[in-house]
Every structure is written in C-alpha cells, then in structure tokens.
Amino acid sequence: MKKAVIAAVILFAGLAIWAIAAKVAEADKTESFANALAEPSVGNPAPALTLTDTKGKQHNLADYKGKYVVLEWVNFGCPFVKKHYGSGNMQATQKKAVDKGVVWLSVCSSAEGKQGHMAADDWNQEIADRKMSSTAVLIDESGTVGKTYGAKTTPHMYIVNPDGVLIYKGAIDDKPSTNQDDVPGARNHVLAALDESMAGKPVSTASTTPYGCSVKYK
Amino acid sequence: MLPSRPLLSAVALVCLSATLHGDEPSHVKVALIPEVRTIAPGAPFSVAVRLKMDPRWHTYWINPGDSGAPTQIKWNLPPGFEAGPIQWPHPQRIELPPLVSFGYEGEAALLVRITPPRDLKIGERVTLAAHVSWLECEELCVPGETTVSAVVQTEPQAENDPTHAIFFSEARARLPLDSGDWKFAAGSGRGFVRLTATPPLWLKDQVAEAAFFPETLGQFSNGRGSWDRRDGAYVMDLPQSDESTAPVRRLTGVLVSKSGWRGPGSERAIRVDVEIGSEIAGSAGALPGPAASASGGLPGAIGLAFIGGLLLNLMPCVFPVLSIKVLSLAGQADAPMRARMRNAGAYTLGVLVAFWALAGLLIALRAGGEQLGWGFQLQSPPVIAGLASLFFLIALNLFGVFEVGMSLTRLGGRNAGKSGEGAGASFSSGLLATIVATPCTAPFMGSALGFALTQPAPAALAIFTSLGAGMAVPFVALAASPRLLRFLPRPGAWMETMKQGLGFLLAATVVWLAWVLGQQTGSDGVAMLLAALVVQAVGAWVLGKWAVMTRSAAVRRTAGIVAAVLIVGSAAAAVKLAGSGAPPALETAATETWEPYSEARVNELRAAGRPVFVDFGAAWCLTCQVNERVALAAAPVLAKFREKNVATLKADWTSRDPAITQALTKLGRSGVPTYVLYSKDASAPPRLLPEVLTPTLVIDALDKL
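Here the protein sequences come in this chain order: U and C.
Taking our numbering, I'd label the letters of the first sequence as residues 2 to 219.
Taking our numbering, I'd label the letters of the second sequence as residues 2 to 706.
Calculated from the structure, these hints are not laboratory results.
Every value quoted in this text rests on a predicted model; they were computed, and no experiment measured them.
Beta carbons: idealized from backbone N, C-alpha and C, even for Gly.
One thing to keep in mind: the hints can contain errors.
Far from chain U by the CB rule (all over 12 Å, computed), these chain C residues [stated by the list, open to error]:
1. Pro99
2. Arg114
3. Ile123
4. Leu141
5. Glu404
6. Trp542
7. Gly545
Heads up, simulated BS3-like pairs for lysine-lysine below, C-alpha to C-alpha not over 27 Å straight-line [what the hints assert, rightly or not]:
8. Lys176/U with Lys30/C
9. Lys176/U with Lys75/C
10. Lys56/U with Lys66/U
11. Lys115/U with Lys202/U
12. Lys205/C with Lys122/C
13. Lys96/U with Lys68/U
14. Lys53/C with Lys115/U
15. Lys97/U with Lys115/U
16. Lys651/C with Lys681/C
Can you build the whole structure from these sequences, using the hints too?
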C-alpha cells in the first residue's frame, strides 16, 4: 500500500514536470512555427541551394555565380499556376529569360503524397508536354529549400543576380487572380526586374506580396 | 496513385478546360439574401452574400494571408443603384504549417449596403444580381464563380423581411466593432510594430487572448503575435514582413478574441485603425511574462504559500508524524552533520515531490477542464462557487465533522516509527507527511491553491514549490540543530483546538467568497450556493458518522458513495448554477424599471412631463444583450435615468411583433438594436442612439435632454 502511494505520488509529480515542459516546448514551437519560414531579404546574399533535378543532375546555386538565376515555385494542380501555364505566360517568360542567358530553375517543394508532387519521369513528360523552357526542374520533397527561401505560394518567384545577391522576391505579376484574362494587361515583375538589372539600373519593384495556393509542405 | 503519362496529359488538359468553364464540383454554395422585402426610393438597405462551405473547405478574407485569394463581388444592378463595399465578418486563422491563411470555414455572410435611386418607380419588381468569384481550398484549391440574384418589390416604405431578422442580427454580430471606448496606439520597433490596447473603464472583464488580422497584405508575418497584459493595458507585438517595400504608416486590421470586447459573450472582433507612431526601444517579446505581470499577485501568493507551508507543520495530521520523525532524528544527534543534512535534504525532496504531484494533478484537471471549455478565471462565478464549496468542505473537516485520509495518517505514523533511517526512508517520510497534510489545508494554503488554479502552469508550480519549502524548512532547521527540539511543544489536545480554529478562518473565507458571488449573480446566486453548502454539510455528516473504522466495510463503502454523491453533486450544481445565472442588474432592470413598450404609453408619459427611453431588442440579438448588460444595467446609467426622471420602456422584438415592427419602421429603422430617447417636449423629434452603446454614450445623451 505504501509503495503504491509513493509510486502514485511520484507519477503525478512527473506529470507536473512533464506538463510544464510541454507548455514551454509548445511556446517554443509556436515561436519556431512563426520562424519556420525564413524571409531572406532583397539586397542580401541569396540562401544556399543544393537540389537534384528531374534528370538526376545536382544543382548548386553557387555554381551559377556570374549568371542571373530565377527560381519559380511550381505546382501544376494549383489554379494560379494553371492560369500562367494555361495561357502560356509562364513558358513565354521562361523562354525570354533563358534567351537572355538567365538560368531558370523551377522548384517543387510539394511533399510526397501532396498535390504537385510527381515522379521524375512524369515531370519530364510534363516539361515536354507544356513546352517549358526552364533550365531544370528541381525536386525539393523535404521542403527544406522552400522554407529557407520562405516560399509561401505557387507561383512564388525569386531572382538572384550574378553576384549571388537576391534582387527580387514575390509575385510573378501584379494581378492576383486565377483568371487567364488578367495576364495580358498585367505587369510581369520578373521580366521587368531582369530588364532593369541587366541594364545596370536598380530594380524598381524589388519585393511584392506573392499570390497563389499554399506550397504543400510536409 | 499517378495515372500513366498519356492519361495524365489528357487529364491535365481536361482539368484546364474545366477550370475555364467552371465545371468542377463546387464545395461552396452561394446565395443572395436581402434584409428587406420591399425597398423605398433613396432608402439604403442591406443584403448578404452568404457562402456556405463544405466541411474542411474554406474561403478567404480581404487579406487572404500567406496564400489564397479573397472573394469578389461584381454587382449587376438596375441603373441608379449603388452598392457599397463588402462588410467582412471577422476571419479565423486557418493554419497549414508553416503557412497561415485568413478566411472562413462553415458559413460566412458578406454584408453589402445598397442604395436605390431617389427616382425609383413605386410598384415595380427589382432584380438584384451579383457575380461572385472566390477561391475555395481544402488542401487543394479550386476557383469558383457563380451568379446569384434576388427580387424585391418597390414600395413607398421599406419593409424588413422578418424571416431574415435573426440571420442578419447574427451576421452583424460578427462584424468588427468600431474601436469606440477601446483606445489603440501603435509604435514601431525594430522589425515589429507594438500595438497597445487600453480597455474602457467600465469593462471589468479580462481579454484572455487575441489574434490580429492586418487588412493590408504583406505587412506582417502571419505568425501568432503575443498578447500580454501590462500596466492595465494589453500589448501585442506584431513582427513585420519585408514583402511590401512601401512604408507602413498605419496599422489597420481586426483584433479577434473569444473573450469578447465588451465582456464575456459579447462581440468578438474590433477594428483597429491607428497611425504607427514613434520608435520604441527594446526588441519584440521583451515584455515580462504573464506570470510576473499579474500585478504582483504572484510574489504575494508565493509568500503566503510559504507561510501556509510553515503552518502546515502545526496541523494535527502532520505534527505527530513530524515530532516522531524528529525524535528519531534526535536519536541520531550524535550522527555526523552530513548524514543528518542528507536525510533532511531527502525529506525536503520528498515533500517537494509530493507538492509537485499535487500541482500536476491540478494542472491536469485544469487542462482537462479547459478542453471541456471550463475557464478558471478567479472572477468568474462558477470558479467562485467551486472554491466556496471546496473551502466549506475543508472547514467541515477541520471542525471534525468527518475525517479524511485516516489510512494515510496511519501510514505516516507507521513509517515514522521505523528506525534505521537512510536517505530513502527520509524521502518517503517527507512524501507521506505531505500527502497526509493535504486534507488539512490551512486557509493560507487554500487561497494560494485557489489562486494557483487561475495561473499559468509555471506560476502554479512556483506556488506549490514554495508551499513545500515552507513545510520542509522546520524539519531542516531541526535536523541542522537538534538542540532546538527542546523548544518544540509536545503533541496534545491543543493541536485539535488549533485545527478547529483554523476551520473558522476558512468559514470566514467562504463568507467572503459568497459576498463576491453575490456581487456577480445577485442574492439568488448566493441563496443557491448556500443551499448547495447545506447539502454538502449533509454529505460530510454522513461521511463522518458512517464511514468510520467502527463500522463494517460494507457500511463504510455505502456511506462513502452516498456522501460522494451528495458532496460532488451539490458542488457541481453550485458551479453550474453560478455559471448560468443572468447578471442580477439586468434582471432587476428588466423587472423593476423597464415597462413593456407601447406607443400609447410613450405619449402618456411624455404628456406627464417625463422623458422616455425605449430599448428595442430581442433575445436572439447578441448586440442587444451586450448593450443591456454593458450600458443599460450599469449603475451610473441607472442613476442618471432616475436623476432625469426618465421612464424606461423595453420593446421585445423576439417574436417580431408586428406592432413593434411598425414602430421601428416609423423611426426609419429596420431592425434591432434600436435605442430611442424622447424628450418630454412633444414637438421635439425622437433622438436615436447608436447601435453599440457604452455607459458614457448613454449618460451623455441623457445629459443633453
């Protein structure tokens, strides 16, 4: 009887300590949750990036020093992405950029089992079917790179200049909708930023609020 | 899971075209609901675009948050009609970590005010149409669009549709309040904006938590900001985002809290629209934690708990054990200091572990209670009633009406008698001494316990640790210097007397709690509590008379069950009744001074030279209920009514009485709440007060009479 009582008491004491620890951890978690998405700033060096593409080749952001790099977060299931691919806008933007010597990396941070995630072969088929001009499509299944870049939506665009500095982050254009009719009249922030930077001018609109569906992280 | 390549392409193409043609199955049903049946030329009226989302699907607020797109309405109205902006109900946070969106689950009613032209022809049917487009998301997102319409008749007088009265009342209760009596200020810090919210003087209730929804996109990172109470105001730090490079000069958005901004059960959202002022020093979150900012209550509680712990040593359920233990320790007076101190340390640890266990139990109970939606605020009537029941029961125990833990006391005694002490034995005797002491809570400990229940877990643990320390300290002192044993009184009848005396102190605490309850729920609430306490006393008496060692096990068991039912049942009833009681002021206001409304009575009173105040309300109108509680039942307002000899009439529109509907229409109002002040001068027009009342507002209006 005595041992049972002592055991019960120690159990409850343990419960108290555990409850406190859990509360403290939860407070930490909500803090870390708020910070789980980094926010790299325009004007600072772009975060490091190492991912494998759909053809099995590894890409390192550092390897592209000396060239402009555009990062495009993509998920073909998202109606906002469908707007830009369905209208041909994204492919046209990719081609214009690549023709200017820009390295265009499409990134998919969808976790396995979530919308947008595909096997490498299916990706390559999509690239062909949709006539994408991206230099490569990078698979970020774990979502680490997406979270490092603070990618919130699909599409979410980033431009890194030849010195490795982030010069643009945000939406692809200024008409946040799923309507393809909005594409022609919109200002393409990515092309504008590339044109300005390549001409040696500062980027006039360097940061905008991205629009789209949420990135399907793990 | 993935279809083969050619099929995938085909599906992709089909999906694309389906989106373009809107053929996908929708998870949102949209309807256009006008508040009125008939409209009059030039008279604005309200309509609602009601979106009903399937479970787990949501649509978005004006600022969708990290992703998504807000619902849009394109009006197709006859010429001359003008539609105002969407009045958005307050959103909720929809979290899909690490992203947060702002939107609606379940149902959302977007209200819009439409103004017909002045030259509208009477007798015509008018079709109001809207093209609504939205984004509905579960995990996947689907854009949706549809056209909705409604038909209204044009008449000289606009008439409400009574079938929609409750719907619109509920919809309006979800709109953010104008800041009104709350004062907001914003200052900019390094990477964050600090919002300071000062509650109105008449608001006695706490706002336990709040979430801020900024109206502008890209201004703030959408993590949940802190909400702390500091110096009588609330402070919230909002970390900024550098998405939009435009300088942020104003803080505009909506603050939402389940606590309500005009007291419990009141409207949950309030508008914030302030200029962001000067720099503030320090970093975000550099505010003292909620425990420390509990206005110095915590250090006081810790001090009181320590004293309570010391007192515990004198209780008859602890003292015999203690003295036996110390005597056996004295037997070791020749043992080296180190050994004695080690034993004393082990004893202290045993005591602390037992108190932490008690804290753990309390925290677990509270957490479980919180899941059930119980609050543990010291100011809420159910908590007061619960504490009063608990203290009364303990007082009965101290008087000796019944004994608890006799087996535990035997345990303690048996264990203490053992010789051959080691650290382990000291630990377990410390543990047991505490368990045995728990029934004899001293009044100091009682209030510390009650206070601890309302505090966050770390503060509760601190209080219990202090209790344990207080209880263990005399033992440690005696172990350190056994010579002090000489000054220890011998156990005797004085212990019992002292225990009973403390019982009276506890009884006094119960009286104080009953008085606090009376302030909150009136004499009816106190009477119910006292009745519950009587039943408790009966239960305690049963326990004391039949659940004793002199009776057989069967009798003891039955008595135990009966007593438990009586005690727990009456305590639960007291708590529940305290929680559901309407505030007394409202009742007395309703029965004593508020006459039922009738136009004849108004004229009669005015002819007799009295100003008249009419409160048009309904039971289903949340704003009405809150206004009555907050403003019309406030003592200063009632005093002003008496001072100005104002007659107060209440028009109850709960069943949409046509006579009252007519009266509202004549006043140019379409629904409730409506507040009218008639001066005694029959020629003066009636004065309408705003829909959201505060005591100051009403008093000012009465002063202008």
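Do the hints match the structure? See the list:
1. With a least beta-carbon separation of about 4 Å from chain U, Pro99/C fails to lie farther than 12 Å from that chain, contradicting its non-interface assignment.
2. Every beta carbon of chain U lies more than 12 Å from that of Arg114/C, the smallest distance being close to 25 Å; the non-interface claim holds.
3. With a least CB separation of 40 Å from chain U, Ile123/C remains clear of the 12 Å interface cut-off, as annotated.
4. A cut-off of 12 Å between C-beta atoms contradicts the statement that Leu141/C is not in contact with chain U; the least separation is 5 Å.
5. Distance check on Glu404/C: its Cβ is at least 18 Å (rounded) from any Cβ of chain U, clearing the 12 Å threshold; non-interface status holds.
6. Consistency note on Trp542/C: stated as away from chain U, and its beta-carbon is indeed over 12 Å from all of that chain's, at 28 Å minimum.
7. Every C-beta of chain U lies more than 12 Å from that of Gly545/C, the closest at about 23 Å, which supports listing it as non-interface.
8. Only pairs whose Cα atoms come within 27 Å are accepted, and Lys176/U paired with Lys30/C is accepted, the gap being roughly 26 Å.
9. As the CA atoms of Lys176/U and Lys75/C are separated by approximately 17 Å, the hinted pair is consistent with the 27 Å bound.
10. At most 27 Å may separate the alpha-carbon atoms for a hinted pair to count; Lys56/U and Lys66/U meet this at roughly 22 Å.
11. Under the criterion of a C-alpha separation no larger than 27 Å, the hint pairing Lys115/U with Lys202/U is inconsistent with the structure, at around 41 Å.
12. Only pairs whose Cα atoms come within 27 Å are accepted, and Lys205/C paired with Lys122/C is rejected, the gap being roughly 52 Å.
13. Distance hint between Lys96/U and Lys68/U is fulfilled; the C-alpha atoms sit about 16 Å from each other, no more than 27 Å.
14. Restraint check: the Cα-Cα separation between Lys53/C and Lys115/U comes to about 26 Å, which is no more than 27 Å; the hinted pair holds.
15. For a cut-off of 27 Å, the pair hint linking Lys97/U to Lys115/U is broken: about 31 Å separates their Cα positions.
16. A hinted pair counts as satisfied when its Cα atoms are at most 27 Å apart, and Lys651/C with Lys681/C qualifies at roughly 18 Å.
Violated hints, in rising order: 1, 4, 11, 12 and 15; the structure is consistent with all others.
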